[in-house]
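Q: Chains W and D, in that order, are what the protein sequence lines are. The opening position of the first sequence corresponds to residue 33 in my numbering, with each subsequent residue numbered one higher. The opening position of the second sequence corresponds to residue 69 in my numbering, with each subsequent residue numbered one higher.
These are computed hints drawn from the structure, not numbers from a lab. Some clues are possibly wrong.
As the list claims (entries may be wrong) - Capping the alpha-carbon separation at 30 Å, the derived lysine-lysine pairs in DSSO-like fashion look like this: (1) D:K146 x D:K329; (2) D:K193 x D:K146; (3) D:K216 x W:K58; (4) W:K325 x D:K94; (5) W:K325 x D:K260; (6) W:K325 x D:K168; (7) D:K146 x D:K216; (8) W:K58 x D:K89; (9) D:K260 x D:K140; (10) W:K325 x D:K216; (11) W:K325 x D:K296; (12) D:K193 x D:K260.
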Amino acid sequence: MNSNSFSPARIWTLAAATVTQLVRMKIMAFLVVFCVIVVAAGFAFPVMNPEQQLKLLKDVSFGALQIFSVVIAIVSTALLLPRDLEDRTLYTILSKPVPRYEYLLGKLIGVLLLIGAGLVLMDIAFSAVLWLRQSLVLVQSVAALKQEGVATPEAIAQLNEFVGKQGLTWNIHLGVLAIFLKASVIAALSLMISCFASSTLFTVVISLLVTIIGHGQGLIREYFFSEGMNQIIKKLGSAMLAILTPDLGVFDVLDNVINGEIVSAFSAGVMIGTAALYVTGYVLVSHLLFVEKEL
Amino acid sequence: MPDSTSSPPAVTVENLTKVFKSGLGKQAFVAVRDLSLTVQKGEVYGLIGPNGSGKSTTMKAILGLLSPTVGKTTIFGKSSTEVESRRDVGFLPENPYFYKHLSGLETLLFYGRLCSMSGRDLQDKAREMLALTGLEDAANRRVAGFSKGMLQRLGLAQALLHEPRLIILDEPTAGVDPAGSRKIRDLIMGFKERGITVLVTSHLLEQIQEVCDRVGIMAHGRMVREGKLDDLIAVENETELILADASPDLLAEIRTLAESKGAKWIRSGHSRTTLERLFLESTEEPKS
């Protein structure tokens with residue numbers, strides 16, 4: 033391979049242009065909507081007990097983060113390649129000394145940068161609201177204990193421990209990391225589909241379908257490949273399902289995070305490794321499809 | 069002057085055939101059939117033909133955007149399938165579009181970076197290209213607001229940005245007004261003087277005639293005529309004689325002499341200007 037055939041600077045140029053393109057499409061307006069949702073969820077139900085209040089805030093916020101990341105991962109990735117082809121911008125880019133894999137990497141990295149930056153900003157807003165809510169809940173609960181005359185040091189310590197577990201912890205950021213990793217896999221999958229799809233709509237629909245199936249891969253395996261089935265058929269069916277759809281269940285740690293359970297370093301490692309494998313696999317297949325594509 | 073010695077030609081196309089597969093039950097479409105051509109360094113080569121004759125497919129194959137079904141194409145001796153072959157090429161596609169969210173200057177900076185240009189050199193070169201193509205005032209305007217002619221000029225600017233040795237222009241004057249069209253023609257003449265090789269397609273045959281050293285005529289995916297322009301358009305048994313301030317008597321004398329020597333007098337009359345020249349003379353602002 034020629035030394036000039038790989039250029040991180042060119043990939044960065046393409047990624048930066050992709051980020052600018054998506055930002056100027058006002059895609060980040062979702063951030064404002066997210067902030068409104070988080071603030072509303074944080075302060076809308078003061079009559080609930082402290083545990084419910086914090087859980088609801090986390091539940092709603094993580095839900096909004098998931099929607100943001102999945103929608104951006106599918107829609108923006110599905111838009112990029114077909115639009116460049118329709119506008120013939122692809123001709124002027126690929127008639128420069130730009131290998132096709134650099135173009136694909138630039139586009140994917142641009143989308144991932146945008147999702148990553150969006151998630152970081154939303155994580156900061158979410159953490160700030162959660163911390164405020166947690167402090168408020170603590171003050172209110174201590175006041176309630178005092179009013180009831182049961183504010184013993186043990187009760188207050190127990191309350192502190194409980195609220196601390198349900199409030200802002202590193203677990204929250206691990207939950208956001210899981211969302212980002214899942215979005216990365218979905219973006220790479222959408223990129224691969226857009227390499228052979230005939231339209232943006234087709235890419236969006238198929239990506240969405242595969243994403244939904246990917247979330248329920250475990251259930252599908254359980255349902256269709258029951259114990260009474262021949263082992264070979266079971267293995268083949270599972271292998272086919274694994275090849276055609278990513279197992280997105282690996283990234284579903286949010287329920288644990290919302291319930292205040294600790295996400296272990298091992299689980300985080302498995303998520304990162306799985307995401308890396310899927311993204312690498314999808315990018316390789318995308319390259320094989322795109323390099324043969326007639327423009 | 070075209071350089072056909074030692075070093076490899078700017079472009080070679082050898083027995084190129086391109087077949088586009090169709091859907092189930094449909095017949096495959098043969099866009100180009102057994103096409104061969106060579107463009108020497110420093111030459112301006114015009115590829116002309118009706119719509120659907122295979123010109124754009126040939127250009128895409130030369131640029132590596134399409135892979136040949138049969139045959140091969142090279143740029144300065146390097147196969148078009150190699151990314152390196154595009155280092156010395158500037159390409160202006162027909163009706164080019166660019167990222168609408170970028171300004172004119174940002175667009176050129178983007179393409180410059182793709183050609184490994186950077187820093188002050190890139191900034192200076194981008195501004196120079198904007199000036200050359202008359203887009204200085206549009207440097208900070210979003211491309212979304214550009215007219216068709218401005219997009220065409222921006223396309224030309226990005227094609228020239230990295231000082232390529234070969235420029236490929238697909239219908240460079242499509243949608244451009246006669247003044248803009250003349251400007252592009254002058255630029256091509258300038259490339260020729262600087263020894264840059266140009267491969268151009270155009271429907272405006274008069275322009276091709278004005279700028280090209282050699283011409284290839286394509287029809288139904290095949291090369292039907294090819295050669296030096298002067299050789300192709302010369303009518304072997306006719307001679308043109310243009311006189312200024314000739315009196316009717318003198319013309320009568322020449323005619324009599326010619327016919328007495330066995331020549332056939334075909335036509336005489338006033339020379340005519342072209343509609344393009346008339347348009348430009350009428351619409352150009354008077355210089356103070």
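Q: Which numbered hints turn out to be false for this structure?
A: Result: hints 1, 5, 7, 8, 11 break, sorted rising.
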